[in-house]
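Spelled out, the chains give:
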Amino acid sequence: MTNLKRILVALLALTMIFVLAACDNNSGTSSADPSSTDPVSDTSEDVSSEDPAPTDITVNVFIYDFADPYIASVRDAMKANFESASITADFFDAAGDQALQTEQIQTSISQDVDLLVVNIVTTASDDAAMTVVDAAKAADIPLIFFNREVSDAVVNSYEKCAFVGTDADEAGYLQGELIYDIISADFDKYDLDGNGKIRYIMFKGELGNAEADGRTQYSVEEANRLFTENSLGTLEYYEPAATDLFRPCNWKAADAQNDMQAALGTNPMDSPNAIELVIANNDDMALGAIEALSAAGYNTEGGDKSIPVVGVDATVPAQESIAKGRMTGTIKQDAEGMASGIVSLCSNIASGADLMANTENMNVDSGVAKIRIPYAKYTG
Amino acid sequence: MSAKESARRGNPLTNWMDNYKNLEGRDKARWWGNFFINNALYIVLIILIVIVTVQKPEFLRLRPMLDILQRSASGLVMALGIAGCIVLTGTDLSAGRVLGLTACVSASLLQSNDYGSKMFPGMPKWPTVFVFLLVIAIGALVGLVNGFFVSKFSLHPFIVSLATQLMVYGTILIYVNQGTNAGKPISGIDKGYSEFIKGSVIPESWKTPIPHFVWYAIILTVIMWFIWNKTTFGKNMYAVGSNPEAANVSGVNVALTITLVFVLAGIMYGVSGFIEAARIGSNSASTGLNAELDAIAACVIGGVSFTGGVGRISGVVVGVILLNMISVALQWLAVSADWTYIIKGVIILAAVSIDMQKYLVKK
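Line by line, the protein sequences are chains A and B.
The working numbering applies: residue 1 is where the first sequence begins, and numbers increase by one.
The working numbering applies: residue 1001 is where the second sequence begins, and numbers increase by one.
Since the hints were derived computationally from the structure, they do not count as laboratory data.
Any given hint could turn out to be false.
Over 10 angstroms on every C-beta distance to chain B, these chain A residues come out as not near it, computed from the model [unchecked claim]: (1) D68; (2) S73; (3) A85; (4) A95; (5) Q111; (6) V113; (7) D127; (8) R225; (9) G233; (10) A254; (11) Q261; (12) A262; (13) P272.
Taking lysine-lysine pairs in the DSS-like style, the calculated list, with each CA pair at most 27 angstroms apart, reads [to be verified]: (14) B:K1056 x A:K332; (15) A:K305 x B:K1021; (16) A:K324 x B:K1021.
From the three backbone atoms N, C-alpha and C, an ideal C-beta is built for every residue, glycine too.
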């Protein structure tokens, strides 16, 4: 019995040493295959192994959070696209934890996958993305970031790195345009108290997220620019004493509903300082706000009283809500377009072409390999 | 017995006044000290209300109070369940995810038949009662697993529920990808179900509707109060919480009591999921994330002690109201987001520390 234990311990120790050696080798030299029986392999062998079966590649996709409904729709579209391109893809969930995602990526690199597709968790600083790029670069594995934006410096630091996403600020600008379109159609009707200004409440997503920041800032700025240009009154925040011109609701419907309800307490709909416009960074928060409004008799299905509510994403529930006249408009994020953009880059690698080959028809930033999938206004 | 004496006994206020008058000067000071410690939570509540009202007098109107009541009602159901686990010196981290799962299940099975993007197209809406029973069963099942591993393997509930929470989350992720859904938020719930939760018996002309779920929360509070205070099970729960060995010696089935507390908690999470699904109207895999932390904070604020065997339903109610009052008050005061977190943390810490004094004094 003790003998058996000793043998087991010895075996375990040996395996660990072996694995450690393999990992070390992997990060030290350019690229090795730890899954093969021979831990020592040179680069020439590695290059030749990439050449033969061109369509037979393994892609690992790292999602920042499986629970995000919009990313779920991108993931779904990607799955279908990968299948039709006959590329094997595995999906991983970081559940909003950058440390976990970095570990997941390192594990994949040690398994020597052919391509990494990363929906990075941390967007507020470059460090996390840079760590990932450095690891991929050391292993000579191509890398595509998507949706959650990384800086130009990160993408430019590695020639086999690209970004597929939207322009974070564009959704904000478009939302501003949408607000202007809706309200300028009949300014006096939407200006409930007739003070020449539109009193709005803003529901913001995650604090420190580039997309949330862009949407929060530019939607109001752009709407105000257009209003001023056409000599109409501008937007003013519902709470004059507030230092932050938004309610932080972390993309969540429940939080937005609670905050909207409290805002309807400070600014009741039947008072002279009623809220006249709801702006949300995403559709879920817009829908939460609508639930609170409908408890006060506004924005109900078939009801006669409503104020404009705008979101971003054009999720299915939002589209349904718009069709019922409860929500006013949203900005469509093209999940299909993003998925097909990513998969077409993956196909480039599968066929042995450059990562950024065949992107002439796409909207690519100048000087950096960033592909922009356009947004669109959606009002049903 | 003289008439005067019986009148005294019948009137606690005069009784109390007489007692106070009979005290010496130093004792009076101590009496006030005890008074502040014993009623710390209510005093914090009143101070909060006063601060907000000074700045915004409209705060004391009916509608803002009802807003706080509504928020509290939706959080209370989960807190009532989790409180039992805390009385057993435990905790339950799976609560939020169970809420998420049961909310998604409720919403998906009760989507209205004419909703354009039904999760299960062609499947008619279930009877509301069936769905209610189903989500209760789901909650009870998770509670059973928690309770079983806590009692039979003597594992700390923190670890057990940490594990079950992961399993439930995985199940949610699988579930939201069923049918035609592909991870989208589940919405378009049936009118009848929505009315059952959010409808109001008070006529709309009063302008202060009280949604049904507030009444449900009150009914559940009464039921839980009865279970905790008037049943053998409730008494056993306190006994096991304060000293499991002693409870065992005096003939209490400790394992069964622990298991039942967790099952009961699971049932409450199921009910809260059923309510939240209709209240929020848009349910995704992130629904319920970290909801247990608010519930645990509310319980602890309300004097349900992590040392076990201590806690009252009334405390849970006050804790939940205080926690929601803080959130609403800070929004009324237009406090910026960063400071909101800091102030919330400070108030929770202060309230709990003062409240703990009364148990320390007793011990």
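Each hint, compared with the structure:
Residue-level check failed: D68 (chain A) sits 7 angstroms from the nearest beta carbon of chain B, not beyond 10 angstroms. Non-interface call for S73 (chain A) relative to chain B: violated, since the shortest CB-CB distance, roughly 6 angstroms, does not exceed 10 angstroms. At roughly 19 angstroms from the closest C-beta of chain B, the C-beta of A85 (chain A) stays outside 10 angstroms, upholding its exclusion from the interface. Look at A95 (chain A): its CB is around 8 angstroms from the nearest CB on chain B, not clear of 10 angstroms, so calling it non-interface is violated.
Non-interface call for Q111 (chain A) relative to chain B: holds, since the shortest CB-CB distance, roughly 22 angstroms, exceeds 10 angstroms. V113 (chain A), annotated as away from the interface, keeps every beta carbon of chain B farther than 10 angstroms; the closest lies near 22 angstroms. For D127 (chain A), the condition that its CB be more than 10 angstroms from all CB atoms of chain B holds, with the nearest at approximately 22 angstroms. The claim that R225 (chain A) lies off the interface holds: its Cβ sits roughly 26 angstroms from the closest Cβ of chain B, which is beyond the 10 angstroms cut-off.
No Cβ of chain B approaches the Cβ of G233 (chain A) within 10 angstroms, the least distance being about 22 angstroms, so the stated non-interface status holds. Listed as outside the interface, A254 (chain A) is inconsistent with that label: its C-beta sits roughly 5 angstroms from the nearest C-beta of chain B, within the 10 angstroms cut-off. At roughly 5 angstroms from the closest C-beta of chain B, the C-beta of Q261 (chain A) falls inside 10 angstroms, breaking its exclusion from the interface. The beta carbon of A262 (chain A) is not kept farther than 10 angstroms from every beta carbon of chain B, the shortest such distance being approximately 5 angstroms.
Residue-level check passed: P272 (chain A) sits 12 angstroms from the nearest beta carbon of chain B, beyond 10 angstroms. In summary, the hint linking K1056 (chain B) to K332 (chain A) is not supported, as the alpha carbons are separated by about 39 angstroms, beyond the 27 angstroms threshold. About 60 angstroms separates the Cα atoms of K305 (chain A) and K1021 (chain B), which puts this hinted pair outside 27 angstroms; it is violated. Under the criterion of a C-alpha separation no larger than 27 angstroms, the hint pairing K324 (chain A) with K1021 (chain B) is inconsistent with the structure, at around 67 angstroms.
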